[in-house]
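Chemist: Dock chain L against chain H, hints included.
2 protein chains.
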Amino acid sequence: MPHRTLGGSARPRSDSSERLTELVEALQRNAPTAPGVEAHLHSVITDAAAHPGRLVRARLVDLAARTHGLSASDAEHLACAVEFLHLASLLIDDLPCMDDATHRRGRPCAHRIHGEASTILAALAFINRAYALANLSFARQSAEIRVAAIACLDSCLGTAGLVGGQALDLRFAESPGTARDVSIVALRKTASLFWLAVLLPALPATPSARELRLLKALCIYWGLAYQASDDLADLIGATATTGKTPGRDRALSRPNLAVALGVPPTRQRVARLSALATKTIHSLIGGHPRWSYLTAFHEHVVPSPAGALVNAA
Amino acid sequence: MPHRTLGGSARPRSDSSERLTELVEALQRNAPTAPGVEAHLHSVITDAAAHPGRLVRARLVDLAARTHGLSASDAEHLACAVEFLHLASLLIDDLPCMDDATHRRGRPCAHRIHGEASTILAALAFINRAYALANLSFARQSAEIRVAAIACLDSCLGTAGLVGGQALDLRFAESPGTARDVSIVALRKTASLFWLAVLLPALPATPSARELRLLKALCIYWGLAYQASDDLADLIGATATTGKTPGRDRALSRPNLAVALGVPPTRQRVARLSALATKTIHSLIGGHPRWSYLTAFHEHVVPSPAGALVNAA
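If you read the sequences in order, they're chains H and L. So the first sequence is numbered by the numbering used here: it starts at 1 and just counts up by one. So the second sequence is numbered by the numbering used here: it starts at 314 and just counts up by one.
Bound-form chain H, shown alone:
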């Protein structure tokens, strides 16, 4: 199975705090606004880019892309693209017609300050810029890799992924509401975005069929575990800890594993999923050490049981 070797100067350093600072700056530099843009739209965009959360996805994409041979600049573009898509999904999810949330990342939601219209337009601007950045980062790759990236974006973000998952989420009250129903939504909404963040930067390495199967399994374990932790936080957390409006899932009849199963079984499930994810990463590294970077992210994605509440999206 062929894979690209790293260029000498492009070998990634560790996921250092210096690189994190660079990513935070890149998010602001690449934000889709400029002087002269209407003031409310401009504010939503600059505020969102300036309060980017833990950047789990961006850091994963950046390190993965550099590991698999993309230049630091292309890796940065791809990391910003995935983070902007995540950001857009949060702006949209919080809208009154969706989750009607009041707080996000410890601050009032954008639509509560600048209105729904400016918030929707800001989300569209982030999505549009995300596509530009993702496509730019792949511009020098082969046609085969570029077509695979197009298919990945289409399936992860569209009705088969994020958008379809959000639609199921909103109509969850019409489903039987079992743990299985909760997981179907988590697979579409949460696992899809991890799959995007894991697969896109790995495409230049042309993973083998075995590697693709393991990466996909990892994203399912990560997605389900991450969402279950989020569900725990929604049920028993406080805004001060999570930065979000708590109790929204039960109030809105939205999918929540801790509501469906109870808190202790949900904690147990998170632990089981976490163990499966760790085992999958070991299988990947056993086949080739180029997947070692995944280890560093496991703790970011799946908090240890003691820290399961600290999960600001």
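Hints may be right or wrong, so weigh each one.
[Unchecked claim] Okay, the calculated beta carbon distance ranges per label pair:
| id | chain 1 | residue 1 | chain 2 | residue 2 | range |
| --- | --- | --- | --- | --- | --- |
| 1 | H | T295 | L | A564 | 57 to 65 angstroms |
| 2 | L | R453 | H | A179 | 40 to 48 angstroms |
| 3 | H | T46 | L | P489 | 19 to 27 angstroms |
| 4 | H | R140 | L | A609 | 51 to 59 angstroms |
[As the list claims (entries may be wrong)] Just so you have them, the derived chain H footprint on chain L, three or more residues with Cβ under 8 angstroms:
| id | stretch |
| --- | --- |
| 5 | 403-411 |
| 6 | 431-444 |
| 7 | 450-458 |
| 8 | 479-487 |
| 9 | 515-524 |
Hint data in this document are derived by calculation from the structure and do not stem from the laboratory. We put the beta carbon where it would ideally sit given N, CA and C, even for glycine.
Modeler: Here is chain L on its own, set in the frame of chain H:
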């Protein structure tokens, strides 16, 4: 200045009704939904794709792309992409927090039947699929052409284009409301989408600087004329003629040239812009006959004064 010659079998036929039927079918085939997608989201997407209006942009993109050497399949993908972006912008513009429209294309707006959330998600699904289709249609082009396409999509759709124009549109009441202010919004909202529809399919022909200048001028004339006709329809039209909610611009203090200037001067301006567009098309064809297809679209874009009311978007 180099340009590609047409492949034998790819030479476009006239913009026949047969091809229009193919495009209508392609829009439905490429619509971003499938069995199993949540029912309301599925309905908004299939309804929108099944009632595509006059397809001015899709027909222009399709004929232009085939003229400039894209395969019939790539041209179809690009035409669907531009039409889906237009469709998404209509779904978003009609929302209660934007224009709060009740009718579009002679039917109740999507959000009045399926709710705001499903409508927003459908728009996102159309945008996502549009990027997949546009990128696929360019997959075999050179890196230079692909990067130009990325830049075109970014500037036409983002805060420098459609999204930025919509933001100005919504806050128009805060501007002096002169004809110039109206035109600034029309340039961002309407001319941008024509520029997308004209430039994207022409990129494989690597237009000269002179051609690019003329094409840009044409899109400005077309955009301003099209929007002014739309403004006339909003002011003095009826839902039965336009398929849209009339009188929204005045009711919502939105930009409308006919409100700012009066009806007769607006009609005169449409006629003047139409003459400038025609002159520009002649200049392009004088330089190279490959731009002849633009003539056929002039009448679609800028209705003759007698027909200025018949302008269903």
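Chemist: Three residues minimum, CB to CB under 8 angstroms: does the stretch 431-444 of chain L make the cut for coverage by chain H? Let me know.
Modeler: holds (count 9)
Chemist: Okay, the stretch 403-411 of chain L and chain H, do three or more residues pass the C-beta test at under 8 angstroms?
Modeler: Held - the stretch 403-411 of chain L has 4 residues with a Cβ nearer than 8 angstroms to chain H, which meets the minimum of three.
Chemist: Take a look at whether the Cβ-Cβ distance between R140(H) and A609(L) falls inside 51 to 59 angstroms.
Modeler: violated, 38 angstroms
Chemist: Indicate whether the distance between the beta carbons of R453(L) and A179(H) respects the range 40 to 48 angstroms.
Modeler: holds, 46 angstroms
Chemist: Does the Cβ distance between T295(H) and A564(L) fall inside 57 to 65 angstroms?
Modeler: Because 59 angstroms falls inside the window, the suggested range holds.
Chemist: Holds or violated: the stretch 450-458 of chain L covered by chain H, criterion of 3 or more residues with Cβ-Cβ distance under 8 angstroms?
Modeler: Since 3 is at least three, the answer is holds.
Chemist: Per the coverage rule (Cβ-Cβ under 8 angstroms, at least three residues), is the stretch 515-524 of chain L covered by chain H?
Modeler: Violated, because only 0 residues of the stretch 515-524 of chain L bring their Cβ atoms closer than 8 angstroms to Cβ atoms of chain H.
Chemist: Check whether three or more residues of the stretch 479-487 of chain L sit with their beta carbon closer than 8 angstroms to a beta carbon of chain H.
Modeler: holds (count 5)
Chemist: Between T46(H) and P489(L), does the beta-carbon spacing fit 19 to 27 angstroms?
Modeler: holds, 26 angstroms
In this structure, the earlier hints numbered 4, 9 are contradicted, and the remaining ones agree with it.
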